[in-house]
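A.B. asks: Model the full assembly from the supplied sequences, consistent with the hints where possible.
For the sequence shown, the numbering used here gives the first residue as 103, with consecutive numbering after it.
Just so you know, the hints here were simulated from the structure itself, not pulled from any lab data. Every residue, glycine too, gets a C-beta built ideally from N, C-alpha and C. One thing to keep in mind: the hints can contain errors.
Unchecked claim - Once the Cα atoms are required to be at most 25 angstroms apart in a straight line, the calculated PhoX-like pairs of lysine-lysine come out as:
#	residue 1	residue 2
1	K569	K483
2	K287	K234
3	K185	K161
What the hints assert, rightly or not - Distance windows between CB atoms, simulated:
#	residue 1	residue 2	range
4	Q394	K483	46 to 52 angstroms
5	L252	E479	37 to 43 angstroms
6	R305	G178	42 to 48 angstroms
7	S428	R331	15 to 21 angstroms
8	R305	E494	37 to 43 angstroms
9	V238	E479	18 to 24 angstroms
10	L252	S432	51 to 57 angstroms
11	S177	S537	14 to 20 angstroms
12	Q394	E354	19 to 25 angstroms
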Amino acid sequence: MVNRVLIRLKVVQLLYSYMLSRSEFKVETPIETSSPDRRYSYEAYAELLLLLLELSGYKVLANRTTPPQILAAISGARFADTKVARFLAANDDVRAIIANYGERIVAFDNAIPEVVAKLKAIPAYRALSKIKANEVTPSDEIDFWKSAILAIAKLPSVGEALRSNANFTNRGLDMGTKMLVETLKTYSDTRNLLSTCKKDLQRSLDQAYDLYHWLLWLPVEIIRANEARMEANANKYLPTEEDLHPDRRFVESKLIESIACHEGMQHYITSKGINWTDDISLIPRLLDLVMQSEYYKEYMATPGAKSIEDELILWRKLMKHIILPSEDLSECLENRSIFWNDDVEVMSSFMLKTMRQLADDPNHSLMPEFKDEEDAEFGIKLFNSAVTHREEYRALIDEFINVKRWDSERVALMDVIILITALAEAIDFPNIPLSVTTNEYVEIANWYSTARSGSFINGILATITDKLRKEGRIIKKFN
Numbered sequence: 103m104v105n106r107v108l109i110r111l112k113v114v115q116l117l118y119s120y121m122l123s124r125s126e127f128k129v130e131t132p133i134e135t136s137s138p139d140r141r142y143s144y145e146a147y148a149e150l151l152l153l154l155l156e157l158s159g160y161k162v163l164a165n166r167t168t169p170p171q172i173l174a175a176i177s178g179a180r181f182a183d184t185k186v187a188r189f190l191a192a193n194d195d196v197r198a199i200i201a202n203y204g205e206r207i208v209a210f211d212n213a214i215p216e217v218v219a220k221l222k223a224i225p226a227y228r229a230l231s232k233i234k235a236n237e238v239t240p241s242d243e244i245d246f247w248k249s250a251i252l253a254i255a256k257l258p259s260v261g262e263a264l265r266s267n268a269n270f271t272n273r274g275l276d277m278g279t280k281m282l283v284e285t286l287k288t289y290s291d292t293r294n295l296l297s298t299c300k301k302d303l304q305r306s307l308d309q310a311y312d313l314y315h316w317l318l319w320l321p322v323e324i325i326r327a328n329e330a331r332m333e334a335n336a337n338k339y340l341p342t343e344e345d346l347h348p349d350r351r352f353v354e355s356k357l358i359e360s361i362a363c364h365e366g367m368q369h370y371i372t373s374k375g376i377n378w379t380d381d382i383s384l385i386p387r388l389l390d391l392v393m394q395s396e397y398y399k400e401y402m403a404t405p406g407a408k409s410i411e412d413e414l415i416l417w418r419k420l421m422k423h424i425i426l427p428s429e430d431l432s433e434c435l436e437n438r439s440i441f442w443n444d445d446v447e448v449m450s451s452f453m454l455k456t457m458r459q460l461a462d463d464p465n466h467s468l469m470p471e472f473k474d475e476e477d478a479e480f481g482i483k484l485f486n487s488a489v490t491h492r493e494e495y496r497a498l499i500d501e502f503i504n505v506k507r508w509d510s511e512r513v514a515l516m517d518v519i520i521l522i523t524a525l526a527e528a529i530d531f532p533n534i535p536l537s538v539t540t541n542e543y544v545e546i547a548n549w550y551s552t553a554r555s556g557s558f559i560n561g562i563l564a565t566i567t568d569k570l571r572k573e574g575r576i577i578k579k580f581n
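C.D. replies: As structure tokens, then:
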């Protein structure tokens, strides 16, 4: 079973990968060139970007009182407050553009009514208007703004405002318009990355469930290898008495036979394929380790028939202390899946639990991939929440890091990712106790980050959730 402990860990890993790889917008920077067209293209790019922000309701000049005709024109428009504008305004390169070119927005005041009327008439606006307000995604807004910029740049009133720049050239305007459209298009790369991360998350969870079956089948392969070795010894040219009459109590295991013959296991092997013998040396090496172990020697030295409970005790010891810690197995798991060595501790615990269940009842069902539908959806919902609110949660984290006199720039990125994921769970999953959330992410921090990360995560999370509880955003208490 893929449980929430493993799901949380995988969400943190994928969010870390996403945060390292993403590039929300590829914002252009000033161009060093002797070409007037190229030089002006950046200024046109900057001014059209400022106009996009102003049309979205973002005040480019914070201390400026927005003219009434602009407020009246924009009021009620579906583009009056878009996520895309907020994402752009949070970009450091865009903030630099605002600082350097912000005063130019005043030149567009008289053009705003005509611009808004034009935008409401384009097909992209009608398409945007058909989507329910609470269902509009950034990609929907991007599609609108790509069409909007092309329409805006052709308007006479906008052209007049742009020409008030002494460096204006027609070719430079055309180049700058295309540059801004390309900046908006780069967001699709992030969407593709996000989609890939979600697919990787589901794939890694599915492969963890595969690992559960592979580990459960491993004793079967080891037993069969031992039986094949016995048969080879019996067929030697000069077999010994021991070769001809070996002690078969290890290979004639009722517990392992119940795994080999289990209907669910057979179905999984048929549909997915499990074949440890692809690595021709792994199983013999593991068998040697087993037979050289004190657990095996003690088991075989004890006289009498073996009960299924005896077999269970032996295999639990062999798996925990001999097979799972083996470097041979670790290398094999790494070669089969990049996820498996991270998953083996959790999935081996479920494999051993299943062996216990089969010892009590050979027909007991194997574990499902998820306990229920809620667990099946938990990973994607948690990842979506963390990605969607990452800027908001990062701002909260920075606020309390600064209060505690930590240098926010020197806090490990992994710690930030862990905190963002923990906050997403604390806020968006009201049925999960805060104590559970906190303990789980402190453990993840202790395992994957620095030596001080656990106590840091614990302290910051307690402080932030206390603030959120006072604000009524969460009702759970921190224990």
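A.B. asks: Of all the hints numbered above, which does this structure not satisfy? Sort the numbers upward.
C.D. replies: 8, 11
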